[in-house]
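Q: These protein sequence lines are chains A and B, in that order.
Its first residue numbered 34, the first sequence is counted upward by one per residue in my numbering.
Its first residue numbered 34, the second sequence is counted upward by one per residue in my numbering.
Some clues are possibly wrong.
Non-contacting residues of chain A with respect to chain B, defined by C-beta distances greater than 12 Å in every case (computed) [as the list claims (entries may be wrong)]:
{"id": "1", "residue": "Glu186"}
{"id": "2", "residue": "Glu246"}
{"id": "3", "residue": "Gly348"}
{"id": "4", "residue": "Ile350"}
Dumping the calculated DSBU-like pairs for lysine-lysine here, alpha-carbon to alpha-carbon at most 30 Å [unchecked claim]:
{"id": "5", "chain 1": "A", "residue 1": "Lys177", "chain 2": "B", "residue 2": "Lys56"}
{"id": "6", "chain 1": "B", "residue 1": "Lys69", "chain 2": "A", "residue 2": "Lys294"}
{"id": "7", "chain 1": "B", "residue 1": "Lys296", "chain 2": "A", "residue 2": "Lys61"}
{"id": "8", "chain 1": "A", "residue 1": "Lys293", "chain 2": "B", "residue 2": "Lys300"}
{"id": "9", "chain 1": "B", "residue 1": "Lys170", "chain 2": "B", "residue 2": "Lys36"}
{"id": "10", "chain 1": "A", "residue 1": "Lys300", "chain 2": "B", "residue 2": "Lys294"}
{"id": "11", "chain 1": "A", "residue 1": "Lys300", "chain 2": "B", "residue 2": "Lys170"}
{"id": "12", "chain 1": "A", "residue 1": "Lys296", "chain 2": "B", "residue 2": "Lys296"}
{"id": "13", "chain 1": "B", "residue 1": "Lys296", "chain 2": "A", "residue 2": "Lys300"}
{"id": "14", "chain 1": "B", "residue 1": "Lys56", "chain 2": "B", "residue 2": "Lys69"}
{"id": "15", "chain 1": "A", "residue 1": "Lys56", "chain 2": "B", "residue 2": "Lys310"}
{"id": "16", "chain 1": "B", "residue 1": "Lys177", "chain 2": "A", "residue 2": "Lys61"}
Calculated directly from the structure, the hints in this document are not laboratory data.
We put the beta carbon where it would ideally sit given N, CA and C, even for glycine.
2 protein chains.
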Amino acid sequence: MQKLALLGFGTVGQGLAEILLAKQDLLKAETGWEGKIVAISDVMKGSIYDPDGLDIEKALQIVKKTGTLDDYPDNERLIRDLDSFETIEQTNADTIVEVTFTDVKTGQPAIEHCKTAFASGKHVVMSNKGPVALAYKELSELAKQNGVRWGFEGTVMSGTPALRMPLTALAGNEIKEITGILNGTTNYMLLRMEEGLSYEEALKEAQELGYAEADPTSDVEGFDARYKIVILANTVMNTVLKVDDVSCDGITQITPYDIKKAKTLGKRWKLIARVRKEDGVVKASVQPEMIDETHPLAQVQGVLNAVSFNCDLAGTITLSGPGAGRLETGYSLLIDLLNIYRNHL
Amino acid sequence: MQKLALLGFGTVGQGLAEILLAKQDLLKAETGWEGKIVAISDVMKGSIYDPDGLDIEKALQIVKKTGTLDDYPDNERLIRDLDSFETIEQTNADTIVEVTFTDVKTGQPAIEHCKTAFASGKHVVMSNKGPVALAYKELSELAKQNGVRWGFEGTVMSGTPALRMPLTALAGNEIKEITGILNGTTNYMLLRMEEGLSYEEALKEAQELGYAEADPTSDVEGFDARYKIVILANTVMNTVLKVDDVSCDGITQITPYDIKKAKTLGKRWKLIARVRKEDGVVKASVQPEMIDETHPLAQVQGVLNAVSFNCDLAGTITLSGPGAGRLETGYSLLIDLLNIYRNHL
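Can you build the whole structure from these sequences, using the hints too?
A: If you want it as structure tokens, here you go:
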């Protein structure tokens, strides 16, 4: 029985809790895996810890109704108000689910959470990009030294296995190039611009649909895709690529004229993240590229994401799927948990 | 050090041998895996066994030059002329690479090879569809009982991980439907018909390019795709589907008129293999379907294959890649070997 502590109880944390609630019995029957949430610690919503396991149905109901965990009922074991570090160190959880609001530019507080957890001999699963993009080498070595696992499938393409698939199922290939559409918001906007919208109209619509944030910088300037291509390069290609090594152009300069021109050439604009090994040198970029309509990435629709792996033996293999979503990202944490239990990558 | 015996030394067996020869050191450095081929037994080309390991470079040179293994040099350990069953039972190989010419309708001799190997406590990896499509339940239980592994990634989409990806990276999902383009020959023919060729012209071209065999029945009638959807259903969806349970229509009835009609509707014809679970009932079919041009499978080009998994948590995830090829299928055997060594699925 894996004992979980959730740091953060927002959309993703609640998504995982809902999945566990709905599928616990099925998961046990199919894979042997059993998990229970013993602690939740959220900066805004409060903190509860029951060493015997929390009543997750109740916690979800209460947080949805009141916005906090304050009304979660007391019992003789219940401890409140542990902060995130106390939750890591002082609870009986063996696995930390790191889903805090983390500043992607600094990777904090998630990086410190990882370090504390590894030092305490606890596994970590997370969907925060920052720590993996900024501190992959240090943190993965730390996890190894402490004999624990660090799962982060959800940092790239959510529950679509952009990291696990190449590591488990393409091992032994030399992956010469990875090319991807790793940001759904800009992919949606480019498609709407093909349908006649201006950049501003497309952005406004993406914001209204909840795809783009009020400050869309991270999406439209390509920063989000840049973090993800760094994660792919470092984990799948075994390079040591830093965020600043990646040249980065967003879609803000794309005009209706560019869109029309591409169409007349049988091409379309996509925001392409790319990393390539050439004679031992690694080159990476995020930029709008005009690609042929028959290119495997040309038909990636709406907010879908896709990634192609150019392999010396297996050929070019492309994976596409949702790049975001409550259940999808919740699932990315679950598959990390399951494969820690199964002792698989 | 894994000791391999190759049953069959045609395109696929030679492909694997070439990969091992070229990448042995790299594979050892990256994964720890080491393998050597101790025996090759081929009905037409002859049979050689050296308990210390064969000189694979020499064996490849000789078979390419002379068509047989007769000129492979003698040494004090070399034993010739073991048949396939003797090779399984009497050599020191711990893993059997089953790449014989096997009748897909009966699954023989591969099924008997599997049974003999499992009873001898030996792993089997293979790319022959027949045994998996016809005897999955029996053979997988037999392997389990004998504490050995049975790998067959290459039976569906060659080295593209259509089986391993869902098993390792989508576990915990309920997969409600699998939809695929699982036959490259017919996909190529349909695309050429869109470009104006008649069915007969498209078939002739596919034969000239080596995509279709002299007797194209298995491809154009959908039988090849049917075996593959049965394998996907039984291994990934955990159903007990038989080949005869799958309704099957090929592409022989598609006319230029059908092709034109689809185009005017913004659709295109694809030979779709499909299996779906509805209220516990499994329904499967192979048939030409007119799908929308924006459908994830609509843009699968040339002889590529693709498969979509409709998951309750992770969403619809699509994988595309080569469905055939010397190195690609050789690789499918390698990844099975690697993951036996790593004790991964």
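Q: Quickly compare the C-alpha distance for Lys69/B and Lys294/A to 30 Å and report which way the hint goes.
A: 55 Å, violated
Q: Lys56/B and Lys69/B: Cα distance at most 30 Å?
A: 12 Å, holds
Q: Would you check the hint for Lys300/A and Lys170/B, treating anything up to 30 Å between C-alpha atoms as holding?
A: 47 Å, violated
Q: Given the proposed pairing of Lys300/A with Lys294/B, does the C-alpha separation stay at or below 30 Å?
A: Holds, at roughly 25 Å.
Q: Are the Cα positions of Lys177/B and Lys61/A separated by 30 Å at most?
A: 20 Å, holds
Q: Quick one, are Lys177/A and Lys56/B close enough, alpha carbons at most 30 Å?
A: Within the cut-off at roughly 27 Å; holds.
Q: With the threshold set at 30 Å, check whether the alpha-carbon distance from Lys293/A to Lys300/B stays at or below it.
A: Measuring from Cα to Cα gives roughly 23 Å; hence the hint holds.
Q: What's the verdict on Lys296/B and Lys61/A, does the C-alpha distance respect the 30 Å limit or exceed it?
A: 48 Å, violated
Q: Is Lys296/B within 30 Å of Lys300/A, Cα to Cα?
A: 19 Å, holds
Q: Is the hinted pair Lys296/A and Lys296/B satisfied, with a Cα-Cα distance of at most 30 Å?
A: Distance ~19 Å between Lys296/A and Lys296/B Cα, so the pair holds.
Q: Is Gly348/A truly not at the interface, in the sense that its beta carbon sits beyond 12 Å from all beta carbons of chain B?
A: Check fails; 4 Å does not lie beyond 12 Å.
Q: Find the nearest Cβ of chain B to the Cβ of Ile350/A and say whether that gap is larger than 12 Å.
A: 4 Å, violated
When the structure is compared with the earlier hints, violations turn up for hints 1, 3, 4, 6, 7 and 11 and for no others.
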